[in-house]
Amino acid sequence: MTIDLTQVRGLFFEESFENLDIMESSLLDLEIGNFNEELINNIFRAAHSIKGGAGIFQLEDIVTFAHNAETFLDEVRDRKHSIDQTLIDLLLRTGDILRMMLLASKDNNEYDTQLVQACQNELKQALTKEIIETPEIISSEEIIVEPEVLRQWHIEFKPDLPILKTGNDPINLFRELKELGELTVIANTDAIPNFADIDPQSCYLSWELILQSKASRADIEEIFEWVIDECELNITVNNLENLESPTSENLKSIEVSEVETTEPIPEIIAPMVSQDIVVEPTVEIHKEPSDDIVNKHVNIQGNTNSIRVGIDKIDNLINIVGELVITQSMLDQIGENFDNSDIIQLRDGLSQLERNTRELQENVMRIRMLPISFSFNRFPRLVHDLSSQLGKKVELILSGESTELDKTVLEKMSDPLVHLVRNSLDHGIELPEQRKQAGKPEIGQLHLNAFHQSGNIVIQISDDGAGFDIEKIRAKAIQKGWITPEENLVNEQLYEFIFQPGFSTSEEISDVSGRGVGMDVVRRNIRDLGGSIEVKSETGKGSKFSIRLPLTLAILDGQLVRVGKEIFVLPLLSIMESLRIQTKLVNSFTGTVEIYKLRDDYIPILRLYKLFDIKNTATKLEQGLLVIAEGDGQKIGLFVDELLSQQQIVIKNLENNYKKVQGVSGATILGNGNVALILDITGLIQLFRNQTKSPSYLPLGATRYE
Amino acid sequence: MNNDIIDISNKYLTFVLATEEYAIDILRVQEIKGWSKVTQIPNTPNYVCGVINLRGTIVPIVDLRLRFNLDYQEYGSMTVVVVVNVISQNGKERIMGIVVDGVSDVYDVTETEIKPPPDFGSVISTEFVKGLATVSDKMVIVLDIDKLLNSDELAIIDGLSQSEI
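If you read the sequences in order, they're chains A and B. Going by the numbering used here, 295 is the number at position 295 of the first sequence; the sequence numbering is gapless. Going by the numbering used here, 72 is the number at position 72 of the second sequence; the sequence numbering is gapless.
Take these hints with a grain of salt, some might be off.
Stated by the list, open to error - In silico PhoX-like links for lysine-lysine, alpha-carbon gap of 20 Å or less:
| no. | chain 1 | residue 1 | chain 2 | residue 2 |
| --- | --- | --- | --- | --- |
| 1 | A | Lys-544 | A | Lys-584 |
| 2 | A | Lys-440 | A | Lys-565 |
| 3 | A | Lys-660 | B | Lys-92 |
| 4 | B | Lys-147 | A | Lys-615 |
| 5 | A | Lys-565 | B | Lys-37 |
| 6 | A | Lys-565 | A | Lys-472 |
| 7 | A | Lys-652 | B | Lys-37 |
| 8 | A | Lys-659 | B | Lys-147 |
| 9 | A | Lys-652 | B | Lys-92 |
| 10 | A | Lys-659 | B | Lys-92 |
| 11 | A | Lys-541 | A | Lys-440 |
| 12 | B | Lys-147 | B | Lys-92 |
Since the hints were derived computationally from the structure, they do not count as laboratory data.
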């Protein structure tokens with residue numbers, strides 16, 4: 001008859017982490033010196049639910065810790081503390097400790113009890129100190145509100161049928177009530193329908209509760225705070241003399257103290273037993289659906305590849321599919337008795353079908369889109385922590401959070417964004433004194449912005465800090481031997497060096513940044529996504545990084561090229577230009593590689609037909625075209641027979657059923673149903689290098705970036 | 001009820017390659033289709049014909065004749081492609097097509113009827129052969145499709161993701 005609580009555990013942890021997130025974001029929204037009741041209530045509620053949940057699973061340590069936090073929060077709620085930085089920091093740390101404890105309990109791991117103890121002491125200290133400081137406020141308040149007299153409370157509690165579905169268990173409420181004093185619980189089984197009509201997930205019981213306690217009405221109401229909207233609640237005070245409990249034929253009393261903590265549901269069933277209903281099937285009914293629900297949740301949690309989609313998007317899809325079905329049945333009808341006079345109708349139907357299909361495609365793509373706030377939301381905490389660690393004052397401004405982009409792009413952008421923000425904080429924004437000297441406001445500004453621009457998404461990270469130190473970058477580049485002291489480069493060229501591996505102008509290596517790994521990785525990640533990054537900086541005024549990304553990875557603008565009978569797709573983004581080859585500009589290099597002189601650049605020619613072993617193609621350079629493409633900072637000239645059309649292509653994965661092919665990033669299906677391979681410039685260059693077996697002939701790092 | 005299930009799991013589809021008859025578990029067969037134009041994949045072994053578009057999915061096609069070092073036979077309207085589900089070592093399911101001379105029949109073969117193959121005399125390596133069975137006086141070679149289509153060049157190499165390049 002026991003319910004397997006291990007499955008519910010997952011749910012509890014999931015909810016607790018959500019609560020912690022709420023707690024954290026509310027804390028960060030709190031303004032110093034400004035008492036925002038709603039936010040503080042949010043925080044309190046979050047801590048309270050974690051405590052409640054942890055109680056069910058007998059995570060005593062978490063309960064104790066959360067209880068301490070709650071006591072402190074209670075005082076905060078009663079305006080006994082002023083909202084200052086120390087308080088916010090303390091509460092943030094409390095949240096972190098709770099998270100740590102929860103994480104450890106989830107995996108049944110050990111956690112650092114010293115940390116917990118330290119934080120707990122801190123909370124207690126903050127508590128007692130305040131109480132000592134303001135004893136009269138507490139006592140006077142208490143006295144005014146409720147005198148502490150032992151009273152008998154009579155509570156009629158009639159929950160709505162679906163209360164169990166919302167995760168509220170009356171047993172827990174009673175248990176909490178019992179902490180306030182002596183409690184008698186009387187269950188009313190009148191409302192239980194015939195066995196056949198019982199919905200196992202509904203609560204048909206109502207209760208009369210008699211509580212002898214010194215507690216105030218507010219204390220009792222607080223316990224019911226969660227369910228107040230889902231029940232009829234009637235609290236009255238009885239005289240102390242009126243102590244005998246009301247008895248009735250249909251009432252069955254349950255002593256809460258005897259309830260086992262791990263078996264709430266069987267206890268609810270208990271009254272049914274008294275009505276001669278066979279127990280086993282009831283339990284079966286009870287158990288199966290709840291198991292199902294739990295399983296579903298566990299699956300959602302266990303699968304990190306899941307996605308949360310707004311209900312409006314789904315509704316939209318259903319609408320479109322509905323229309324598609326209508327169109328289909330219309331076409332079906334035309335097809336049944338087709339004669340030539342129906343041709344106009346058929347055409348209409350087909351164009352409708354085309355519209356439906358296009359809409360369906362657009363909407364399905366939209367499902368993968370997530371607002372960038374998913375990524376932005378982690379920054380308030382990061383900036384808060386880092387700025388206090390670095391002793392800087394920073395205001396974070398977020399805008400365009402609702403801009404949507406593909407989930408995969410979003411995920412892959414997360415780390416680069418964190419890196420850029422850390423960089424801005426560490427190197428960009430100066431210390432308050434320096435800022436004052438420079439005549440700027442003490443509080444620095446860090447602005448994260450996102451918007452759509454011509455089929456791309458642009459993410460900007462800008463600060464009003466010191467900007468890049470051109471001379472430092474120059475000196476470093478000379479020191480690394482990338483340029484000679486005589487070389488005179490414009491600023492934009494110098495900024496390029498910050499993307500080189502091993503570059504850092506920071507004199508000291510901190511744990512924040514300065515190790516010189518990072519910017520190159522940032523750019524590589526962005527390039528992998530088919531995007532670009534661009535820097536603008538003004539010494540003393542700040543710097544701005546603009547990241548430009550494709551909206552989605554599933555569709556790309558492609559250039560179709562023909563080699564022999566084969567058709568390949570080149571990502572339009574990687575093509576710089578295409579030209580007809582002038583043979584006098586072609587030179588041989590070490591006998592194996594042909595080099596084309598394009599203005600100031602020497603570009604190796606890669607003959608695709610040779611690389612891919614394709615027969616019956618143009619072999620003379622003047623017969624075909626040279627497509628200059630760039631991959632990983634390296635320019636290369638691809639020799640192809642012919643350029644065909646440009647079109648949007650849907651990327652299909654080759655690895656799903658086959659495996660990774662070097663030089664090919666995927667495949668697509670052309671209008672005629674044939675498959676065309678999408679070329680990967682970086683991979684092609686590698687393949688080319690391996691085939692010519694002289695790995696170092698390409699002029700590495702000699703090209704400029706656009 | 002139960003008998004039905006057992007029966008189905010022992011049904012095998014047979015096809016002909018040159019003169020020999022091969023059998024594969026029928027539950028792995030997704031569909032049988034005619035030959036359609038493939039898009040070649042560069043730098044792959046000769047037995048990988050290329051990829052086709054199977055209702056939006058990119059499916060690689062393997063020529064079993066070439067895989068087993070038999071003579072190449074021109075593809076035409078009579079060429080048959082059997083689309084099969086292959087489970088690789090890491091549990092991933094893949095769809096692949098195999099080119100055969102023609103499908104022949106569906107047989108019931110029980111597990112006990114499959115005898116281990118002799119380790120010579122076959123054009124193919126015995127590691128791909130589950131065993132030999134005799135059905136109505138004919139010998140068929142029962143193939144282990146998972147081993148066959150995950151061997152050598154067809155194997156998925158773990159850890160080689162595109163980010164490494």
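Hints, one by one, checked against the model:
Our distance criterion of 20 Å between C-alpha atoms is broken by Lys-544 (chain A) and Lys-584 (chain A), whose separation comes to about 44 Å. Taking the CA atoms of Lys-440 (chain A) and Lys-565 (chain A), the gap is about 65 Å. The hint is violated against a cut of 20 Å. A C-alpha spacing of about 15 Å is found between Lys-660 (chain A) and Lys-92 (chain B), which places the hinted pair at or below 20 Å, so the restraint holds. Restraint check for Lys-147 (chain B) and Lys-615 (chain A): not satisfied, since their Cα atoms lie roughly 33 Å apart, outside the 20 Å limit.
Distance hint between Lys-565 (chain A) and Lys-37 (chain B) is fulfilled; the C-alpha atoms sit about 12 Å from each other, no more than 20 Å. Note on Lys-565 (chain A) and Lys-472 (chain A): the hinted pairing is violated, with a Cα-Cα distance of about 54 Å set against a maximum of 20 Å. In summary, the hint linking Lys-652 (chain A) to Lys-37 (chain B) is supported, as the alpha carbons are separated by about 18 Å, within the 20 Å threshold. For a cut-off of 20 Å, the pair hint linking Lys-659 (chain A) to Lys-147 (chain B) stands: about 16 Å separates their Cα positions.
The hinted pair formed by Lys-652 (chain A) and Lys-92 (chain B) meets the criterion: a straight-line CA distance of about 17 Å does not exceed 20 Å. Of the pairs offered as hints, the one joining Lys-659 (chain A) and Lys-92 (chain B) holds, with about 12 Å between alpha carbons and a cut-off of 20 Å not exceeded. With a C-alpha separation of about 9 Å, the suggested pair Lys-541 (chain A) and Lys-440 (chain A) falls inside the 20 Å cut-off, and the hint holds. Between Lys-147 (chain B) and Lys-92 (chain B) the CA atoms are separated by roughly 13 Å; this keeps the pair inside 20 Å, and the hint holds.
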